[in-house]
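Undergrad: In order, the protein sequences belong to chains G and H.
Counting in my numbering, the first sequence runs from 1 upward without gaps.
Counting in my numbering, the second sequence runs from 1001 upward without gaps.
Hints in this document: simulated from the structure, not taken from any laboratory.
These numbers come from a predicted model, not from an experiment.
Hints should not be assumed to be uniformly reliable.
Chain H regions said to be covered by chain G (calculated; three or more residues, Cβ under 8 Å) [to be verified]:
no.	segment
1	1108-1121
2	1184-1196
Cut-off 30 Å, straight-line C-alpha distance, at most; resulting in silico cross-link-like pairs (DSBU-like, lysine-lysine) [what the hints assert, rightly or not]:
no.	chain 1	residue 1	chain 2	residue 2
3	H	K1014	G	K131
4	G	K237	H	K1208
5	G	K226	H	K1015
6	G	K226	G	K211
A virtual CB, placed ideally from N, CA and C, is assigned to each residue, including glycine.
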Amino acid sequence: MSNTAVMSAPTQGGAQAKPKMSVYKRRKIATQFCISLVRFILLFGMCFMIIQPILNKVSVSFMTEEDLYDPVVVNIPAHFTTENYQLSAEIMSYKEAFKNSMIISLTIAVLQVIVCTLVGYGFARYDFPLKNVLFGCVLLMIVVPPQVISTSLYLHFRFFDIFGLVRAITGQAINLRGSVLPYYMMSAGCVGLKNGLYIYLIRQFFRNIPKELEEAAYVDGCGTLKTFFVIMLPDAKPILTSCFLFAFVWQWTDGFYSSMFLGTTKLVSTSLARIVDSLGAFIMRELGIQTSVSVAYSNCILSTGTLMIVLPLIILYLFAQRGFVESLSSTGIKM
Amino acid sequence: MKKKLNGKVSGLEKKRAVTGVMFCMPFILGFLFFMVKPMAQSFYMSFCDVQVGPGQFDLVWAGFANLDKAFKVDPDFSRFLLEGFAKMIVYSLAIMVFSFFVSLVLNQEFHGRALVRAIFFLPVILSSGVILGLESNNSVIAAIQADISDSLSGVSITTVLEEVLKTAGVGVRAYEEVFVLIDNIYDIALASGIQIIVFLSGLQTIPKSMYEAASIEGCTSWESLWKVTFPMVSSIFLVNWVYTIVDFSMRTDNDVMSKIDDIMVLQLNYGLSSAMAWSYFVLTMVFLAISSFIISRRVYYYE
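Hey, can you work out the whole structure from these sequences and the hints?
TA: In structure tokens:
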């Protein structure tokens, strides 16, 4: 942590005018020092609080089972081992799940961002009848919990049909459960995971682009599409990156939609959710006897699994962090 | 001449309106196909007895039987609802205060700000999806840990403080709530990742000149916090409040939600689960509407 008691620039408006007398100056410096110190302690504490569980998981994941029960071993494993990783990888069928998750998260995130950009742009720059009602629908979509419609969606895709056409031809509705198609369709229709939020963020961004820019483009002979692609999109790169990252991260860890629509596909999120049960089954298979796994060990495997899932995200996040954080804070959200 | 111009303008507007609708088409279609129908259906379903047969399902009108069952027969549902709402109010307030405070600090300039910001946004990853549920499922381990720390007679500062304040005997109930919050500060920090970002973005739209003007008028930093910062971000408060409530009510480790899931997936009782989901949704909406109405009356819009 590098922010040790450093003088901060006067941020809250530079409350004190510059006094001539050195006593005041000294007092001011002392106050600044105290503020920085308090801030450092506070931030250090809170950052530690956020990071500590991760560090804890890291240390647990390298321990052997006997270390877990050894009261002397707290943070640094006595018997360093990477067995936990191998075991979790095998239980979760990590390679396959990783590949599937990667493909699905990437394609879904790209699809969602493309569609949400179009819609957000439409809401931000154009006026059309019922626009406010439609935007109300977007907000409604953010608010409606997926569980409310999940029952019905479940049945909707179980007996999927387009205006009764399919039934008329084949005499039976299609069962789309267990295939990835419904989820892609939903994402294309902006009703996937948290898509309302992306539309909202992107709309806020496009609203802040001055109208003159667009008009200048029209005057220079750009059509609607060309303006969108050449003028607007390059500007929106930061917010689109953030939305893509959100979409990717949330899709990667999502359990609800995944278990509902992608039940048969092996994904990291769903296999992590089942990891403790799988561990029991695995050990039973290996030993051939019914045993229950000890709580500490299953926790250890769970930690390892969690780390293995979070790690790709953290790497991604570290790379994109700068653009991601700064872009979001410069979007400026106005209601 | 004027009329002609007007006509032309309205023609252009019409064209623009069509373009706008084209841009929004994916959403309109998606909403119609995947939201309107399922919502209407699940609303209808909550008044029905759903019988799933091979190749199709039948809806038998059952009136208010499902709602009746949810609230009067089911032993857990109404208790979960009540507890859920009480928890939601306390936690949402805490999340708002916490995230506002953190964003105020993060908005200042100091060395290592980028690092600290990066750490504070980690919760966006850590509190998402299955990971959150897993953390809370670890209650067995938490219990064991609590046992261990009890037997080790480790002294925690909060317990000592709690003892002291309790013996002082002032407003024990209020203190208890506060202490529960402090003990769960990790949950609160995890839940406030997005809110901090939103607050930060709001704080950065406040022009510096305002603070300068305030300080020339003789405001101290503390006063300009309440007189400049607070009103300027009050609309963001509304946004964040709505987001917090929604996020909280849809969390996967929410008792009500897992109850609804159980009834749908395990018991296959689609009617009852729809009824529960809808009543939960409606109650949340009512709560959201009332609370945001109260907040929005205090929101100050700067033009």
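Undergrad: Now tell me, hint by hint, if it's right for this structure.
TA: Tested hints:
Taking a C-beta to C-beta cut-off of 8 Å, the segment 1108-1121 of chain H contributes 14 residues in contact with chain G, enough for the three needed, and the coverage statement holds. Only residues whose beta carbon comes within less than 8 Å of a beta carbon in chain G count, and the segment 1184-1196 of chain H has 4; three or more means the coverage holds. Under the criterion of a C-alpha separation no larger than 30 Å, the hint pairing K1014 (chain H) with K131 (chain G) is consistent with the structure, at around 14 Å. The hinted pair formed by K237 (chain G) and K1208 (chain H) meets the criterion: a straight-line CA distance of about 26 Å does not exceed 30 Å.
With a C-alpha separation of about 16 Å, the suggested pairing of K226 (chain G) with K1015 (chain H) holds against the 30 Å cut-off. Between K226 (chain G) and K211 (chain G), the direct Cα distance comes to roughly 16 Å. Compliance with the 30 Å bound is thereby established for this hinted pair.
Violation of the numbered hints given earlier is absent; every hint is satisfied by the structure.
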